[in-house]
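Visitor: Those protein sequences? They're chains S and W, same order as listed. The C-terminal residue of the first sequence carries number 413 in the numbering used here, and the numbering is unbroken. The C-terminal residue of the second sequence carries number 360 in the numbering used here, and the numbering is unbroken.
Just so you know, not all the hints are guaranteed correct.
Just the calculated beta-carbon pair ranges, DEER-fashion [as the list claims (entries may be wrong)]:
id: 1; chain 1: S; residue 1: H288; chain 2: W; residue 2: E299; range: 13 to 23 Å
id: 2; chain 1: W; residue 1: E320; chain 2: S; residue 2: L367; range: 15 to 25 Å
id: 3; chain 1: S; residue 1: E264; chain 2: W; residue 2: E283; range: 50 to 60 Å
id: 4; chain 1: W; residue 1: E358; chain 2: S; residue 2: L377; range: 40 to 50 Å
Note that these hints are calculated values from the structure, not bench results. C-beta: ideal position from N, C-alpha, C; glycine also.
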Amino acid sequence: MLRKTILHGVHEVLGAKTGAFAGYDMPLYYGLGVKKEHEWVRAHAGLFDVSHMGQIMVGGVDKNGHSAIDFFETITPSSFEDLEIDRTRYTVLTNEKGGIIDDLMVTRTGMNTFHCVINAGCKEKDIEWIKSHIPQDGDLEFTHFEDWALLALQGPEAVRVVREILDINLSDLPYMGLWVREDYQMFISRLGYTGEDGFEISVPNEAAVELWEKLMAHEEVEPIGLAARDSLRLEMGYCLYGHDIDDTTSPVEAGLAWVIGKENTGFIGADVVLEHMHHGVARKRVGVHLLGKGIAREGAPILDGQGLEIGTLTSGGYAPSLEAAIGQGYVLAEYAKPGTDIFVNVRKRKIAAKVSRMPFMDAHTKKG
Amino acid sequence: MAEFKYTKDHECVYVEGDIAFIGISKHARDALGDLVYIELPEIGKSVEKGAEVAVVESVKTAAEIYLPVDGVVVAVNEEMAEAFELVSSPVNEKGWIVKVKVADISALDELMNEAAYAEYLKEID
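The task is simple: from the sequences and hints, build the whole structure.
Guide: Written as structure tokens, this is what we have:
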């Protein structure tokens, strides 16, 4: 039995085509269709229901001196001491082998309080992992906001929509910055998964439908499903957990070494991850840009000029904004340099491709 | 009015003499959404019943086109490979993807007609 977000009924009324994603029945696309939804987000503002994602909080300094900062610097390779309050950092949870348990957004909401957004498909295991690593002899608090919804409003008109509909001027809110309503019943972060300017808005479930309908009433807003969310994130080279990263890929292999804090050497899996950092890795995540005709999707073998298999595509598809077929995947490290000529094998046909820098196009997120 | 036949995989077939025009049904087009690529076979290729003869790709997914009968590819719609909207035209006009010469054209009689296909769509919905 698939789970439903609080907005499921709204999606049905809108005529969404839904499908199973991470145990939820989620909208894949609405009336515009995937391609136009994708283009709408790049030109206007798209509204996504991402309430299936997990929202959790860990906070407090307990009597034994464990702080939430220490805790997050143990479960992730990042540093948090230097993160300003009301700012967000992207990071990963690592296991003992240096693999990625999940990728997540961590927002510092107080001196010692952190709110996180975790992937829907990883919720249960993340929560179990996080709880099991909270020191038993202390009182760091853990909260799972199960009754909260999350809406993403993404696109160049997002700032105007929020100003005109919610009467909040967020034009000066920095990228990865957080705005909190006085009653703590609405949290708006300037970030997303599309490469466009925009926000993720967290509200209690009981406020979600009204918020959705209000935002939808703006002429610049169209509802956008998970299919366009995928093509939008692919153009930005963002990872999709369970595809481009998983518990067997280290942050270094995944090209996410930038999340590792310089001072942080004590996180779970640090021995493997730091070894990868200092001595290199055998395979690396790269962008793939198809030159020949065709579309390559997840699982397609990546070959070198001689036809030798050098890796596998972990995501792939058509990129509407680039009018090209792109993907990402892992290749042997010696082939990871942007510009390297490769081939992707699709239905036994070799399609010429090049290793590409990511993102494939410039992000339009707020600068600064 | 042209008579079309349908497969359970949503191919749409039009028969003219011993040539079968193979396209996709409106249901399949709606499910796929905007096409972004069509992979066509070589002319002269022999394809067995149930085997893949072409692939149409949308932003969302790739859909294989299977032949409902043994045949030899005699024409491929190069024009559609450049103008994807043609897939919406009737299969007997510009909406065909491949034309196949079929030895046993009566084998296509077992495909669904318009009414049976409409029923089938209701069943699988």
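Visitor: Just to be sure I understand the hint, the distance between the Cβ atoms of S:E264 and W:E283 should be within 50 to 60 Å; is that true here?
Guide: With a Cβ separation near 53 Å, S:E264 and W:E283 satisfy 50 to 60 Å, so the hint holds.
Visitor: So does W:E358 sit 40 to 50 Å from S:L377, Cβ to Cβ?
Guide: 49 Å, holds
Visitor: How does the Cβ-Cβ distance of S:H288 and W:E299 compare with 13 to 23 Å: does it lie in that range?
Guide: Holds, at about 22 Å.
Visitor: Can you tell me whether the CB distance of W:E320 to S:L367 sits inside 15 to 25 Å?
Guide: Since W:E320 and S:L367 have Cβ atoms about 21 Å apart, the given range 15 to 25 Å holds.
In this structure, every one of the numbered hints holds.
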